[in-house]
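Peer 1: Since the structure of chain A is provided, determine the placement of chains B and C on it from the hints.
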Amino acid sequence: MKEIVVISGKGGTGKTSIVAAFAGLAKSAVFADCDVDAADLHLVLEPMVKQTSDFSGGKQASIITEKCVGCGQCEEVCNFRAVFFDGPANDVVEKTYTIDPISCEGCGVCVHFCPNDAIEFKDVVNGQWFISDTRFGTMVHAKLGIAQENSGKLVSLIRKEAKRIAEEEKKDLIIVDGSPGIGCPVIASIAGADLILIVTEPTLSGKHDLGRVADLAAGFNIPVLIATNKFDLNPDMAAQIEEDARKRSIRVVGKIRYDKAFTKAQIMKCSVVEYTDGAVSQDVKALWRNVKNAF
Amino acid sequence: MRTSDNIVVAIASGKGGTGKTTIATNLAHVAAGMGRKVQYLDCDVEEPNGHIFLKPNIEKTQAVTVDVPEVDLKKCTGCGKCGEICRYSAIIHLKDNHVLTFEQLCHSCGGCLRVCPAEAIKPKPLDIGDIEFGKSGDIDFVHGRLRIGYVRTPSLIKEVKSHIKDDSLAIIDVPPGTSCPVVEAVKGTDFVLLVTEPTPFGLNDLKLAVGLVRDMNLPFAVAINRYGVGDKEVERYCEAQNIEICFKLPDDRRIAESYSTGDMIVDSLPEYEKGFTDLIEAMTV
Amino acid sequence: MKIAITSRGETLDSEVDPRFGRAEYFLIGELESMDFRAIENKNVNAAGGAGINSAKVVIDAGAEAVLTGNCGPNAERTLSAGGVRLYTGVKGTAAEAVELCKGGKLTEAGGPNVESHSGMNK
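Residue numbers (the numbering used here), protein chains in the order written: chain A, 1 to 295; chain B, 1 to 285; chain C, 1 to 122.
If you're looking for bench data, these hints aren't it; they were derived computationally from the structure.
Derived DEER-like restraints, expressed as beta-carbon distance ranges:
id	chain 1	residue 1	chain 2	residue 2	range
1	B	K165	C	E108	54 to 60 Å
2	A	G219	B	D190	36 to 42 Å
3	B	G228	A	Q240	25 to 31 Å
4	A	M48	B	F133	49 to 55 Å
5	A	Q240	B	F133	26 to 32 Å
6	C	N45	B	G211	24 to 30 Å
7	A	P88	C	K2	53 to 59 Å
8	A	I267	C	E40	46 to 52 Å
9	A	S53	B	Q62	39 to 45 Å
10	A	M1	C	E40	20 to 26 Å
Simulated pairs of lysine-lysine, DSS-like, Cα-Cα distance not exceeding 27 Å:
id	chain 1	residue 1	chain 2	residue 2
11	B	K274	B	K232
12	A	K160	C	K91
13	C	K42	A	K2
14	A	K27	A	K170
15	A	K292	A	K170
16	B	K187	A	K59
17	B	K207	A	K264
18	A	K260	B	K207
19	A	K255	A	K292
20	A	K163	C	K42
21	B	K274	B	K37
22	A	K67	B	K81
23	A	K170	C	K91
24	A	K285	A	K163
25	A	K269	A	K292
26	A	K163	C	K91
27	A	K269	B	K232
Chain C regions said to be covered by chain B (calculated; three or more residues, Cβ under 8 Å):
id	segment
28	50-64
29	70-80
Where a beta carbon is used, it is the ideal one built from N, C-alpha and C, also for glycine.
So that you can see chain A by itself, here it is in the shape it has in the complex (with noise of 0.2 Å):
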């Protein structure tokens, strides 16, 4: 059992889309959407939930209002500047203090700190993830609460219940859609995968930010390939691109045109390849067949 991880370093290259049309092509996958705080491959999969599951990716401090005694030495060992001097009266000062959870980094240094145990330091529910069934297979995704920490361990969680999922059901493939950037949630994303697709797109925005991503993907030993998407909008910068990833000595194994198709099928909820047999479908056939002959 194999696993690849697309991620494309900038946004909206088409990493989703692409790994939508993967997953119609694929015989024998699981599917896994990493990019948890802006998820969108549900959207064109379909799940249908089968087992919901709360997740927590720390704790969150929070002030007992009737034990507080107004000292402000959680005040004093915030590094965060999350505490503030605003809380209602209690029966002991006019006063109190509270916690902005927003900026409460959960490092539990005010709970050490406060000399009248007043503070509460409780797992915060982040998000919910989900095992559910689509008409390609199963998919593991989940939802990350608004304004969360995306620390990756999400990311590693659905990574290890698609790989388990995958087990069971002998499964040959686990195909993982990433994020953005080059940040802990990439992290996650990629360490311990088989191969690493990242999909650029013949800009210079896209070229400076394959390089960063390229740089991230190179210090874990994984073998990486190089999809250009788009690439009719300027055949110059892509040829730079595939220039530079030569000398990277990184395969470019997919060169898929511009087309409205992508969209079109985006709002009929199919992906490219179910909603047409043209060129562009072909293209990504294309890309898929190399990406699999890779492995």
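Peer 2: Relative to the frame of chain A, chains B and C by itself:
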């Protein structure tokens, strides 16, 4: 003192690739052309792109560090309190006075420094990236660049924002998504422009972004880029939610081509300048 | 000598777990007496610091050597600081690993043999 001329505007979106940088850089360019004092701050520190379009002359580079613990083992009594308080495995106590630190895991909460009874732990700077300052014509340009493999995105964003000037219209280019880097970037701004595209993915992620700015009580409006490429659902959603759509850029292939070569839309296609001028006036009235 | 073996199961006939930080279990016991107990690894799903915390578990258990498949840089550094000898590339069942160790057939690792995060999702 901040006046309506000198507000801080954040250009954000849930979905990546909707056109934040396109709009942010063109807004800055047009505002400067209108004679305003403008600052552009690129807070997409993982993948900054604003410099591709604004092509600044960089005048200064500042290394950005965060504090991580440094332990003086000679003073250490081996009590283990530092390891106990750390939730990130960034400092661990093995036995006797054997304390190890793992700087890249540190969140700089300061717990270990504060809890050590022997004052054996001091803060030490860890380099997480840099900030470059420059000028793009009359625009004051600032961007942060995170060191690859380092995870302190919000810390670097905070540092970039600390350079916001009181006397300028400050335009902040925000990273995509709705989690902590975005929260850090939009926090404390006067107005958020949420950029979306009229597609199902665009709408889905717009709703998440709207949830975020409402949660944070920030005034906001929506800009639709590539207008016409998809359907009318984004417009229907905004109308149903009483959200103002204050800007539209059509799905013009020439815009995509201009973008692909790092050019300013308003320079390649001057017919679009008025839209940006109107938007600046609407935001700063 | 007390040793630790990363394991996929709780007994000596379990396969050696190729990961250190995110191994399913640590089997701790005396080489000579073959008396081993299993410690379930709570770091399997840790957000970060799995290698470091697993190393601490092994050190606190008093092991003088660790037998495993792969070990990343943070774990290796911690084990080394704790004076624990590291043997990587170990395969087969835990019982087989013990025999190899007794027979002096294992070579100590010179450093970490995998990149950071390699054990995730394997």
